[in-house]
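K.L.:
Chains as they are written, first to last, in our numbering: chain F, 1 to 160; chain H, 1 to 740; chain W, 1 to 292.
Simulated from the structure, these hints should not be mistaken for lab results. Fair warning: there could be bad hints in the mix.
What the hints assert, rightly or not - Which stretches of chain H does chain F cover? Using the computed rule of at least three CB atoms under 8 Å from a CB of chain F, they are:
| id | segment |
| --- | --- |
| 1 | 4-18 |
| 2 | 182-193 |
| 3 | 626-633 |
To be verified - Now the stretches of chain H that chain F is said to cover, found in silico as 3 or more residues with beta-carbon under 8 Å:
| id | segment |
| --- | --- |
| 4 | 25-31 |
| 5 | 75-89 |
| 6 | 671-684 |
As the list claims (entries may be wrong) - Below, computed lysine-lysine pairings styled on DSBU-like, alpha-carbon distance capped at 35 Å:
| id | chain 1 | residue 1 | chain 2 | residue 2 |
| --- | --- | --- | --- | --- |
| 7 | H | Lys-137 | H | Lys-92 |
| 8 | H | Lys-24 | F | Lys-5 |
| 9 | W | Lys-207 | H | Lys-655 |
| 10 | F | Lys-30 | H | Lys-110 |
| 11 | H | Lys-567 | H | Lys-402 |
| 12 | H | Lys-24 | H | Lys-110 |
| 13 | H | Lys-625 | H | Lys-385 |
| 14 | W | Lys-207 | H | Lys-92 |
| 15 | H | Lys-137 | F | Lys-123 |
| 16 | H | Lys-286 | H | Lys-110 |
| 17 | F | Lys-123 | H | Lys-385 |
| 18 | H | Lys-625 | F | Lys-123 |
| 19 | F | Lys-30 | H | Lys-24 |
| 20 | H | Lys-110 | H | Lys-92 |
| 21 | H | Lys-154 | F | Lys-123 |
| 22 | W | Lys-207 | W | Lys-268 |
| 23 | H | Lys-286 | W | Lys-247 |
| 24 | H | Lys-731 | W | Lys-207 |
| 25 | H | Lys-169 | H | Lys-296 |
| 26 | W | Lys-268 | F | Lys-123 |
| 27 | H | Lys-154 | H | Lys-137 |
| 28 | W | Lys-268 | H | Lys-660 |
| 29 | H | Lys-4 | H | Lys-510 |
| 30 | F | Lys-5 | H | Lys-92 |
| 31 | W | Lys-247 | F | Lys-123 |
| 32 | H | Lys-428 | F | Lys-123 |
| 33 | W | Lys-207 | H | Lys-625 |
| 34 | H | Lys-660 | H | Lys-24 |
| 35 | H | Lys-660 | W | Lys-207 |
| 36 | W | Lys-247 | H | Lys-24 |
| 37 | H | Lys-510 | H | Lys-154 |
Every residue gets a Cβ at the ideal spot worked out from N, C-alpha and C, and that includes glycine.
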Amino acid sequence: MPTLKMILNGQEVTIDVEPGDLLANVLRDKLGLIGTKISCGEGECGACTVLVDGRAVDSCIYPALKAQGREVITIEGLGQDNRLDAIQQAFVDRTAPQCGYCIPGMVISAKALLDENPHPTRKEIKEGISGNLCRCTGYYQIIGAIELACERLAERGGPE
Amino acid sequence: MSNKVVGESVPKIDAATKVRGQRKFPQDFNMEGQLYAKVVWSEYPHARVLKIDISPAEALPGVVAVLTSKDVPVNEYGINIMDQPMLVGEGKKVRWLGDRIAIVIAESEKIAQEACQRVRVEYEPLPVVSDPREAMKPDAPLIHEERGDSNILKHIKIRKGDIEKGFAKADVVIESYYFTPHVEHAYMQPEAGVGYIDEQGRVTVIAAAQWSHDDLHQISHMLDLPLDGVREIVPAIGGAFGGREDMYIQHLLALCAYCVRRPVKMVFDREESIRNTGKRHPYYMKYRTGATRDGKLTAVEIELISDAGAYASTSVAVLSNSASFAAGPYIVPNAKVDAYTVYTNNAVTMAMRGFGSTQPPVAYETQMNKLAEALGMDPVELRMKNLLEDGSIALTGNPMPKGVGIKETLRQAALASGWREEGGHWIKPDLGTPSAPYRRRGIGVACGYKNVGYSFGFDDKTGAVVELAFDESGEIVRALVKVGASEVGEGSHTALAQIAAEALGIDYAKVRVALVDTSVVPDAGSSSASRHVYISGNAVMRACQEALHKREAALRDETGEKHVVGKYEYHGRSVRPTTPYDPETGMCDPHISYGYAAQIALVEVDVETGETEVLEVWAAQDVGKAINPGMVKGQAGGGVHMGLGYALTEEFIQKEGLVKTRRFSEYHIPTTADMPHELETIIVEVPDPTGPFGAKGVGEMTTLPTAPAILSAIHDAVGVWIDNLPATAEKVWRAMQSKS
Amino acid sequence: MWDEYLFPASVEEALEMLEAHGGEARIIAGGTDLVLQSQRGQCTARVMIDITRIPGLDHIEERDGLIYIGAQVTHSQVATSPLIRSRAGVLAEACGSVGGPQIRNVGTLVGNVVNALPAADGAIALFALDAEAEVAERAGRRWTPVAALYAGVGLCTVDPCAAMITQLRFRALGEGEAGAFERLAKRRALVLPILNTAAVVRLQGDKVERARIAIGPVAPTPFVATEAAEALVGQPPDEAFVAEAAKLAAQAAQPRDSLLRGSAEYRKAMVEVLVRRALWRAVLQEGEDANS
């Protein structure tokens, strides 16, 4: 069984995986990181979005071994101790989550966007989360939350 | 104590755990020594099962059990009518793709999956009935031979006034035929859960359910166990929209645990979730509407045919709702309605956001818009002349109860979108310049209304328990609300906590809401009918008052108690008893309370491709009292999302009972790019005196007007009526072609 | 799913691995299509040879007027590359419309070609750009037109069990040249197109000197509307001639009735609309460039 070594949420992790394992399953089933959700199983909804070397990917169709030696960030890697990070806090403050199943993926997509483009236009925000489906919200409060996070981050002078 | 919390957009009670990814959904539960189960689904929409050979599956190493109908103590279930087999055995019929032949339980999901492939089933295919209009015919093949000699499950009649006279008075009569399709709930969390035997020997299920206590009744019947021998725990639910009101996995998990006495986990993949679970009913709707020259409705004649699919589910109740709302929120003196729901071999159809009140607006509002055009009258003005008010006589002959806010709702939506009222006339706004020379702009308006709570004499009730802990001075340090209301994402637990905090006069942060576990919380009915704020809110409020009385007594009598419990079972009939349809005239007092919505859509239609882009929606809804405005806005966003999908993008395709759109790559719910660029939510608060703090319901009304408003805007833009949803680019293009 | 996953360090090693597994191995890059094909049993390869760690395949660069794109380059990288945006905007537009951000971040343009689907957005643009692909086999490397790689729906003439495409190249659009990409789909993001087209035109003075139009999915492979393009040559780039060319493209295109994509009649009519818009936008862009 091959060994997968990656920097997961800032910690080095070494774990045996099946060659055919997908990253989402390794995260959820082997590492207990249930924040990464599986919804469509075909890269069509973004519920399983994680960052690999800073880029948003659909972990449900991402071969786990591709993460070999890479830096992976899941929803569990955001925020510090008991504090939410700016995006998460804005999601709470703007009543963005409804059922919440898409939310970890949305937050991660928002992070990928803001890390690269701290001052996105509304159109860019919409594009940034266009790979994430939500059935509850119509996206408005999610977009509003990302805008709020931008404002707060700008006041603070950059991401944490 | 000034702790005003009702009316504030406080953070949702579970928002922080949800944004961290810590809140556990059914697929996030794992138990020591758990097994995995997979289903062998029917391969045919209609067939007789001749032979089932499970031995090749049983022989696979790692397979623990293969369950068939022989393993089910009482092989039937169903939320209203027990017409569904748990597993279909030899000699019996499968009636749709969601019927199950067997369940394989194995040491791993992979083994279970492989074993499913090895179960050999021989079928004798039977003629497939896939159109309810064909299924109604006397010579149609029967889906349920044992249920009489017709596929018609229910026929509802409403006869009000005299439609002959009504149409004779009409200067204009509009006649059209409408179709609304199946809709997939498409909640983001596919069905999943764990079944196990708990420490007290109860068959226990952890799953997403909209009405756990009703599931218990069905599961105990199926397993022939007493009610207290079964238990359901409801963790976070990843969306429901009606789709979890029936059981799709709960009973399977219960059977697995019952049979193997070990924890068993099952997770549906998206394809199973789309292909093998229920949908919104398709409706075939024939409308004839008459009005005088000055815009007064004189008569409607309506035929509704709903496709119930293979099993009844709540089709009769859904149809009942549809019939009562068939004429829209208007005063119509003369009416004839014939509504049918019919078995077919299509997907089972069930509750979905609106519960029968979502399909008729596509017809009744398009009729109004066509009438406005024919009369040369502004569509807002035409509506204002006919909308219901307090005390107006509804289609079913009952006076409308106090709090009818539809006129005010429409007025606010119209004004927000730029409509002007001048000298008693309404004038449409100027729409600005289209973004490209080949695009045309159009604006459209629609209304909708719907019941809050259960109807037609059904006893709508919620039990609530409120536990208070207080200190020596009597100050409440903690309140725990126990109520069996499933939090499906809409925020029922948050709203109920706000209501409790307000009723108790304490800080919102001091209120906790217990997890739904049937062994702990009382039955609160389902998370449906937009009812939890109204019905369960009433129950919680009264349980709080009860607890406060007890606290006062404890303090007064110096008993030294620091803990009291208030209980209340609230019945909707205590404020408004409802009645079933009169079988001949349909006259009745159908609903306890109502919520109202009006929306205006601004679109651009590409005249060359037929594509519609929705630029803006103004969504007004009368919620009585917004307990949490942030959550109300969230419901509006979600309602418009579903309405827009209904109108434009979502096409669930079945051919001869076979599902052709099995994935999210084939069934297209709107993305951010498809949503209106702007959504303006307008909260209207015309109180219902019977609601907590005047509140009505929110969740469903927000989706009703979206599709007809968009259809009307398309017509305004390019002059074609699309009466057959969804209004795909190709349909709009074809309509434009045949017009020119 | 597969039961071995390998990371070769060079193209040569990748080819050796392919050979060593005698048809049971195949090349994987982003895997956004391949993972699903494997899960659904449409791809039965037992060994996956992941080329995303091979040095020297991640380039987007211009040399002697040609743009080279390595096999590891993702749709996102193409869509946001300043070089591609300025010298092959049609390809940036096409790659930017694939799936959603997550898919574009992983899926590669070369993978889009190898997959050989007639609806592939990136490939349609490559057809319009007359791109070539470098095929690496045990026998050596050779350049072949991208158009020659397509043998049918999902059928690439490069056998992924024996060879790999290492890079793509095409002539950078120069003075007087511009392209545009148009697409029609059931919704506005995260969806396969029901129709797409890419057009590239070169103007010489006030005449069209050259045009190339690719359309998908209207045939088993991306369709090049040669007749329509030729009709434009020598004509002034005005609306009437563009409309006429679009009409010819629609006449030549052979879409089929599709339950999910729409009727042949509609899509044929839409070919005309999209081709006209793409051509016209290319012409206008060229005008803009010339004026700027």
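K.L.:
All hints, please: hold or fail.
P.N.:
Okay, the hints, checked on the actual structure:
1. 4-18: holds (count 7)
2. 182-193: holds (count 6)
3. 626-633: holds (count 4)
4. 25-31: holds (count 3)
5. 75-89: violated (count 0)
6. 671-684: holds (count 5)
7. H:Lys-137 with H:Lys-92: holds (24 Å)
8. H:Lys-24 with F:Lys-5: Given pair Lys-24 of chain H, Lys-5 of chain F holds - Cα atoms ~27 Å apart, limit 35 Å.
9. W:Lys-207 with H:Lys-655: violated (51 Å)
10. F:Lys-30 with H:Lys-110: Status holds; Cα separation ~15 Å.
11. H:Lys-567 with H:Lys-402: Holds, at roughly 28 Å.
12. H:Lys-24 with H:Lys-110: holds (23 Å)
13. H:Lys-625 with H:Lys-385: Cα-Cα ~26 Å, so holds.
14. W:Lys-207 with H:Lys-92: Not satisfied, since the Cα-Cα distance of roughly 74 Å exceeds 35 Å.
15. H:Lys-137 with F:Lys-123: Judged against 35 Å, a Cα distance of about 53 Å means the pair is violated.
16. H:Lys-286 with H:Lys-110: violated (49 Å)
17. F:Lys-123 with H:Lys-385: violated (41 Å)
18. H:Lys-625 with F:Lys-123: holds (33 Å)
19. F:Lys-30 with H:Lys-24: Roughly 16 Å between the alpha carbons, so the hint for Lys-30 of chain F and Lys-24 of chain H holds.
20. H:Lys-110 with H:Lys-92: holds (29 Å)
21. H:Lys-154 with F:Lys-123: violated (49 Å)
22. W:Lys-207 with W:Lys-268: holds (28 Å)
23. H:Lys-286 with W:Lys-247: Answer violated: Lys-286 of chain H to Lys-247 of chain W is near 40 Å, above 35 Å.
24. H:Lys-731 with W:Lys-207: violated (38 Å)
25. H:Lys-169 with H:Lys-296: Judged against 35 Å, a Cα distance of about 10 Å means the pair holds.
26. W:Lys-268 with F:Lys-123: Distance ~32 Å between Lys-268 of chain W and Lys-123 of chain F Cα, so the pair holds.
27. H:Lys-154 with H:Lys-137: Since the Cα atoms of Lys-154 of chain H and Lys-137 of chain H sit roughly 14 Å apart, the hinted pair holds (cutoff 35 Å).
28. W:Lys-268 with H:Lys-660: holds (23 Å)
29. H:Lys-4 with H:Lys-510: Within the cut-off at roughly 13 Å; holds.
30. F:Lys-5 with H:Lys-92: violated (53 Å)
31. W:Lys-247 with F:Lys-123: holds (34 Å)
32. H:Lys-428 with F:Lys-123: holds (29 Å)
33. W:Lys-207 with H:Lys-625: This hinted pair is violated, its Cα atoms lying about 67 Å apart.
34. H:Lys-660 with H:Lys-24: holds (32 Å)
35. H:Lys-660 with W:Lys-207: It is violated: about 48 Å lies between the C-alpha atoms, which goes past 35 Å.
36. W:Lys-247 with H:Lys-24: violated (56 Å)
37. H:Lys-510 with H:Lys-154: Given that 35 Å is the threshold and the Cα spacing comes to 49 Å, the pair is violated.
Of the hints listed earlier, those the structure fails to meet are numbers 5, 9, 14, 15, 16, 17, 21, 23, 24, 30, 33, 35, 36 and 37, in rising order.
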